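Starting from the given sequences, assemble the full structure and let the hints guide the process.
Each residue of the sequence shown is one higher than the one before, starting from 1 at the first, in the working numbering.
Hints should not be assumed to be uniformly reliable.
Simulated restraints, written as ranges between beta carbons of each label pair [what the hints assert, rightly or not]:
{"id": "1", "residue 1": "V50", "residue 2": "P71", "range": "17 to 27 angstroms"}
{"id": "2", "residue 1": "A53", "residue 2": "G127", "range": "28 to 38 angstroms"}
{"id": "3", "residue 1": "E122", "residue 2": "D57", "range": "28 to 38 angstroms"}
Below, a list of computed lysine-lysine pairs in the BS3-like style, where the Cα atoms sit at most 30 angstroms apart [claimed, not checked]:
{"id": "4", "residue 1": "K32", "residue 2": "K118"}
{"id": "5", "residue 1": "K96", "residue 2": "K118"}
{"id": "6", "residue 1": "K35", "residue 2": "K55"}
{"id": "7", "residue 1": "K147", "residue 2": "K16"}
{"id": "8", "residue 1": "K95", "residue 2": "K147"}
{"id": "9", "residue 1": "K89", "residue 2": "K16"}
{"id": "10", "residue 1": "K32", "residue 2": "K147"}
{"id": "11", "residue 1": "K32", "residue 2": "K89"}
{"id": "12", "residue 1": "K151", "residue 2": "K28"}
{"id": "13", "residue 1": "K28", "residue 2": "K16"}
{"id": "14", "residue 1": "K35", "residue 2": "K151"}
{"id": "15", "residue 1": "K89", "residue 2": "K118"}
{"id": "16", "residue 1": "K55", "residue 2": "K89"}
{"id": "17", "residue 1": "K96", "residue 2": "K16"}
{"id": "18", "residue 1": "K118", "residue 2": "K28"}
{"id": "19", "residue 1": "K118", "residue 2": "K151"}
{"id": "20", "residue 1": "K35", "residue 2": "K147"}
{"id": "21", "residue 1": "K89", "residue 2": "K28"}
{"id": "22", "residue 1": "K95", "residue 2": "K16"}
Honestly, the hints are just simulated from the structure, not real lab data.
Computed from a predicted model, the values in this text were never measured in an experiment.
Cβ coordinates follow ideal geometry from the N, Cα and C atoms, glycine included.
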Amino acid sequence: MPGTDATLEAFFSSPKFAVVGASTNPDKFGHKIFKFYTSHSLDVTPINPVAAAIKVDDVDHPTVASLSDLPDPTHTSVSIITGPGVTAKALAEAKKVGIPAIFFQPGTYDDETLAFAKENFETVLAGEGGTGPQGWCVLADGERGLKAAGKL
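Right, here's the structure in full:
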């Protein structure tokens with residue numbers, strides 16, 4: 001499975017971030033991951049085709065419907081928090097718009113989507129590794145990545 005400390009640093013070296021599967025529900029990981037980025041004052045865009053905004057700490061963060069709507073996709077690292085079927089569609093779009101880095105949260109990919117990511121993106125974090133009990137996770141490994149990238 002992909003992922004090393006160098007991969008983690010590369011992911012967090014990006015000037016911009018996006019969260020595919022950002023959720024309005026504070027109990028869901030799509031919300032918790034998005035909040036991680038906002039609480040570290042990172043330039044992050046929530047991707048949600050239904051909600052107009054994601055509220056974090058009483059601040060509404062406008063969403064975009066898809067990765068194609070990002071203002072600067074070639075300089076944006078993307079966290080994925082969707083099931084494998086939606087993930088596959090997001091990866092195809094990410095390739096099309098030039099996303100360089102993907103961070104799969106546990107349970108968001110299958111063998112096929114992981115193989116596609118390894119073939120098409122410069123940086124991929126997924127599966128075994130990191131400090132999370134289920135492998136690489138923004139919530140468990142993000143601060144370490146930000147420190148390595150000089151952002152903390």
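Hints versus structure:
1. V50 x P71: 17 to 27 angstroms: Because 21 angstroms falls inside the window, the suggested range holds.
2. A53 x G127: 28 to 38 angstroms: holds (32 angstroms)
3. E122 x D57: 28 to 38 angstroms: holds (32 angstroms)
4. K32 x K118: holds (26 angstroms)
5. K96 x K118: Holds, at about 15 angstroms.
6. K35 x K55: holds (9 angstroms)
7. K147 x K16: holds (16 angstroms)
8. K95 x K147: At roughly 28 angstroms apart (the allowed maximum being 30 angstroms), K147 and K95 satisfy the hint.
9. K89 x K16: holds (21 angstroms)
10. K32 x K147: Measuring from Cα to Cα gives roughly 20 angstroms; hence the hint holds.
11. K32 x K89: holds (22 angstroms)
12. K151 x K28: Cα-Cα ~26 angstroms, so holds.
13. K28 x K16: holds (22 angstroms)
14. K35 x K151: Holds, because 16 angstroms separates the two Cα atoms, which is no more than 30 angstroms.
15. K89 x K118: Between K89 and K118 the Cα gap is close to 15 angstroms, so the pair holds against 30 angstroms.
16. K55 x K89: holds (26 angstroms)
17. K96 x K16: Holds, at roughly 18 angstroms.
18. K118 x K28: holds (27 angstroms)
19. K118 x K151: holds (26 angstroms)
20. K35 x K147: holds (18 angstroms)
21. K89 x K28: holds (21 angstroms)
22. K95 x K16: holds (17 angstroms)
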